[in-house]
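Chemist: Sequence:
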Amino acid sequence: MDWNRVEGNWKQFKGKVKEQWGKLTRYGIEKDRVRRDVDDWYGRQDS
Numbered sequence: 001m002d003w004n005r006v007e008g009n010w011k012q013f014k015g016k017v018k019e020q021w022g023k024l025t026r027y028g029i030e031k032d033r034v035r036r037d038v039d040d041w042y043g044r045q046d047s
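In this note's numbering, the protein residues as written are 1 to 47.
These aren't lab readings, by the way, just hints derived from the structure by calculation.
Quick caveat, the model's predicted, so the values are computed rather than measured.
Beta carbons: idealized from backbone N, C-alpha and C, even for Gly.
Be aware that one or more of the hints could be misleading.
With a straight-line cut-off of 30 Å between C-alpha atoms, the simulated DSS-like cross-links for lysine-lysine are [said to hold, decoys possible]:
1. 31 / 14
2. 16 / 31
3. 31 / 18
4. 11 / 31
Per label pair, the in silico range of CB-to-CB distance [claimed, not checked]:
5. 43 / 16: 16 to 24 Å
6. 33 / 2: 31 to 39 Å
7. 40 / 11: 14 to 22 Å
8. 3 / 43: 15 to 23 Å
9. 39 / 8: 19 to 27 Å
10. 2 / 31: 28 to 36 Å
11. 5 / 29: 26 to 34 Å
12. 9 / 39: 13 to 21 Å
13. 3 / 30: 30 to 38 Å
14. 4 / 31: 24 to 32 Å
Required output: the full structure, derived from the provided sequences and hints.
Modeler: Structure follows, in structure tokens:
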């Protein structure tokens, strides 16, 4: 696996999340809940 590519894709993903953040909050999703869900998902990816 090319870790440089993974890192670059992760940075792109984070940018997309920040871009869409306003749209998420418009739908009544709490910021803290989203953060926990993303952290949980990310933690499972390390396994």
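Chemist: None of the hints should be skipped; say for each whether it holds.
Modeler: Cross-check of the supplied hints:
no.: 1; hint: 31 / 14; result: holds (15 Å)
no.: 2; hint: 16 / 31; result: holds (16 Å)
no.: 3; hint: 31 / 18; result: holds (12 Å)
no.: 4; hint: 11 / 31; result: holds (20 Å)
no.: 5; hint: 43 / 16: 16 to 24 Å; result: holds (20 Å)
no.: 6; hint: 33 / 2: 31 to 39 Å; result: holds (33 Å)
no.: 7; hint: 40 / 11: 14 to 22 Å; result: holds (21 Å)
no.: 8; hint: 3 / 43: 15 to 23 Å; result: holds (18 Å)
no.: 9; hint: 39 / 8: 19 to 27 Å; result: holds (21 Å)
no.: 10; hint: 2 / 31: 28 to 36 Å; result: holds (33 Å)
no.: 11; hint: 5 / 29: 26 to 34 Å; result: holds (30 Å)
no.: 12; hint: 9 / 39: 13 to 21 Å; result: holds (18 Å)
no.: 13; hint: 3 / 30: 30 to 38 Å; result: holds (33 Å)
no.: 14; hint: 4 / 31: 24 to 32 Å; result: holds (31 Å)
Of the numbered hints stated above, none is contradicted by the structure.
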